[in-house]
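> Once you have looked at the hints, place chains B and C on chain A.
Now for the letters of each chain:
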Amino acid sequence: MSEIFVNERDVVIPGQTLARGMDILPGYGTYRDGEEIVSKVTGLVKIKERLVSVIPLSGKYMPRPGDGIIGIIEDVQPTFWNVNINSPYVGVLLLGEAVKEYVDVTKTDISKYYDIGEIIYARVLQISRSGIVTLSMNDPKAKKLRGGKLVRITPYKVPRVIGKEGSMIEMIKEKTRCQIIVGQNGVIWIKGGNEALATKAILLIEKESHISGLTEKVAKLLEGDEK
Amino acid sequence: MKSGKPEKLIIDGKRLDGRALDELREMEAKVGIISRADGSAMFRFGNSVAVAAVYGPRPMFPKHLQDPEKAIINFRYNMAPFSTEERVKPGTSRRSIEISKVIKEALTEIVCIEEFPRTVIDVYVEMLQSDGSTRCAAINAASLAIADAGVPMKDFISACSVGKVEGHIVLDINGKEDNYGEVDMPVAIVPRGNKIVLLQMDGELSLEEFEKCLELAKKGCMQVYELQKSVIKNKYVKIAEER
Amino acid sequence: MLKPEREYVRKLVEENSRINARDFLDQRKIEIEKGIYKKAEGSALVKFGETVVAVGVKLSVEEPFPDAPNEGLLIVNAEFPPVASPEFEPGPPGEQAIELARVVDRGIRESGAIDFEKLCIKEGEKVWGVFVDIHVLNDDGNLIDASGIGAIAALLNAKFPKYDEEKNEIDYSQKLEPLPVRKIPIPFTFAKIGNKILLDPCKEEEEAMDARFTVTIVDNKICAMQKGHGGFFTEQEVKNMIKIALEKYEKVVGIVKA
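Chains as they are written, first to last, in my numbering: chain A, 1 to 227; chain B, 1001 to 1243; chain C, 2001 to 2258.
These are computed hints drawn from the structure, not numbers from a lab.
Do not take every clue at face value.
To spell it out: a stretch of chain B is covered by chain A in this simulated footprint if at least three of its residues, at any positions, have a beta carbon under 8 Å from a beta carbon of chain A; those stretches are [unchecked claim]:
no.	region
1	1096–1107
2	1150–1157
3	1202–1211
4	1224–1233
A short, non-exhaustive set of chain C residues, derived as facing chain B with CB atoms under 7 Å [stated by the list, open to error]:
no.	residue
5	E2166
6	D2219
7	C2223
8	A2224
9	M2225
10	Q2226
11	H2229
12	G2230
13	I2242
All residues carry an ideal CB built from backbone N, CA and C; glycine is no exception.
Excised from the complex, chain A in its bound form (with noise of 0.2 Å):
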């Protein structure tokens, strides 16, 4: 007889049993020990159908392909760069794919186009089993970040920050009359407007994010601080 023994945005904690039955398919940041499915981190449950998956409240960034994230060159080699992705995994970005036109590796020193301790938005290409992690500029959406400040969170938090439908997001970038621009890796970068208002916002966000009320609370915060 199949059972689920906790409810939707439970907080759970490692080894912590949460359902019983072979029917029931172990989620993100669960695994099966037997008949049991058991959670793997502390987290919120969420329960769709017979998936019972737990989404962490820490933990560090692992890249996905499609992901948009904020890296920070670290290192020019001739023919790529690597790229600090706030993970445990340092991300590479080959020549191919950040500079579009012909470029004499033998001639030129690709520091010209990016620089150690730039700032880039960039997609996730892919991730190899051994943790290669390629990164693209070739999208709409890539390109340098220059100025501004970056604020790190928690990645799980990320859709948090957004919001549904980005409403969270766009409720801060208006309050603020901040640019805003969140990477899935859990790196933030606001420019312009009042940064300080909107990382003390984006900052609530990440402490309280499994408790209910919070996008009252981050308005609040916004209409009471604004300028």
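Leaving out everything else, chains B and C in the frame of chain A:
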């Protein structure tokens, strides 16, 4: 020079610190105490205090030490010089190297290392106060810190020591009992499945005595487990309550 | 050893056989040559199949510890020199060698094998220090058991050199009374592969194993235990391994004493 041997360690079924034979010392645990770390925790058995921090998973260098199929756990147990009666020289000792090895091996059983190939997960524990059962406090703190860091794990590891003092089997050995008793046996288990992931012993035990020790250790470890679970859960409950 | 080779060993075990056609609870052939190194006060060369470990005992006069003024010292050290394996690198002992030395030390110390008070020369000032040095010569698995047996065998044939207390000089050329060894602790190391338990793993089995357990027996008691190398054991598995070790003890003691 250690303080001298007490005349008796057990009087009328009670130990020198007033505990019954099968009683754990007072325990305390906290998480999130080191802001720079990805995860951190403190665990205390009586006067033994361990502080753990987790950094990672993070890129592993040098590259030739990477494992292309899983993360490598790097664990270091260290004692602060002021943690014992007689000052401990800073730096590693053969004892701390051995303890680091057995704890690291225990952690590989529960951490989902296959999810992070080519990375390293650094786990560091410092003993700030040492009064027996230090490696048990260390592994309990490490386990909590890994959960605090959001590194996927199959379950916690819960550890405690048992021993034989003046012929009696006792739970949670303190410093004096370790020095002057007959047996010291640290045990760490994964509660899910009752898996023994750390087991050491020195002294003298018959097979029957060993079986009694293991039974008592299991009881102690389950009490540790309850504390570990509540500390992690309460981290998020507390934030909700602050509203 | 590479993945397919490990998988092969595991497959064999699953099908209830071992890579060298031994029974699961059989040890390899144990050979001990005693007193082989003439410059040592006691020595033994131990072979467990192809595993070869040399152990030498050296004695010197030392200061006792302040809290044990009339007791001698025991220091056990293990070296894994590069001659013994393509995986050993030159340098000070790593964690494996340190663990091994400490496990062997505990077996000897906790069993009461050495009467430390008989090592006292002058209370509070001079005692005999017993240095047991384990030198691995070929690593084909289960260095712990080979080393533990080598250590006690070396101690059993160790003799005091002549000590001139007045001049504070040791004459190593003379070999006088034997060291007071009163117990014979023997370690038994098991490997777990899948859910099967094997006694005395060879190198290939060590590379493929999930967990390792060593229990040191003296007479009919347990004097030391060490679970090593990741993985886990159930309570029942541990009890079974201890029972097997208790059963095999007398036979191995016979080989050591022979």
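> Now tell me, hint by hint, if it's right for this structure.
Hints and how they fare:
With a threshold of 8 Å between beta carbons, the proposed coverage of the region 1096–1107 of chain B by chain A is violated, since 0 of its residues qualify and at least three are required. Proximity of the region 1150–1157 of chain B to chain A, defined as three or more residues with a beta carbon under 8 Å from a beta carbon of that chain, is established by the 7 residues found. Three residues within the 8 Å Cβ limit are the bar, and the region 1202–1211 of chain B against chain A gives 0, so the coverage statement is violated. With 3 residues having a beta carbon nearer than 8 Å to a beta carbon of chain A, the region 1224–1233 of chain B meets the requirement of three or more and the stated coverage holds.
The beta carbon of E2166/C comes no nearer than 30 Å to any beta carbon in chain B, farther than 7 Å, and the hint placing it at the interface is violated. Because the smallest distance between the Cβ of D2219/C and any Cβ of chain B comes to about 10 Å, over 7 Å, the interface hint for this residue is violated. The closest approach between the C-beta of C2223/C and any C-beta of chain B is roughly 6 Å, which is under the 7 Å cut-off, so the hint is satisfied. The interface hint given for A2224/C is met, as the beta carbon of that residue sits about 5 Å from the closest beta carbon of chain B, less than 7 Å.
At its closest, the beta carbon of M2225/C sits 4 Å from a beta carbon of chain B; the interface hint therefore holds under the 7 Å criterion. For Q2226/C, the interface hint holds, the least distance from its beta-carbon to any beta-carbon of chain B being 5 Å, beneath 7 Å. A hinted interface residue such as H2229/C counts as satisfied when its beta carbon comes closer than 7 Å to some beta carbon of chain B; here the least separation is about 6 Å, so the hint holds. This hint holds: G2230/C has a C-beta 4 Å from the nearest C-beta of chain B, less than the 7 Å allowed.
For I2242/C, the interface hint holds, the least distance from its beta-carbon to any beta-carbon of chain B being 6 Å, beneath 7 Å.
Violated hints, listed in ascending order, are 1, 3, 5 and 6; each of the other numbered hints is respected by the structure.
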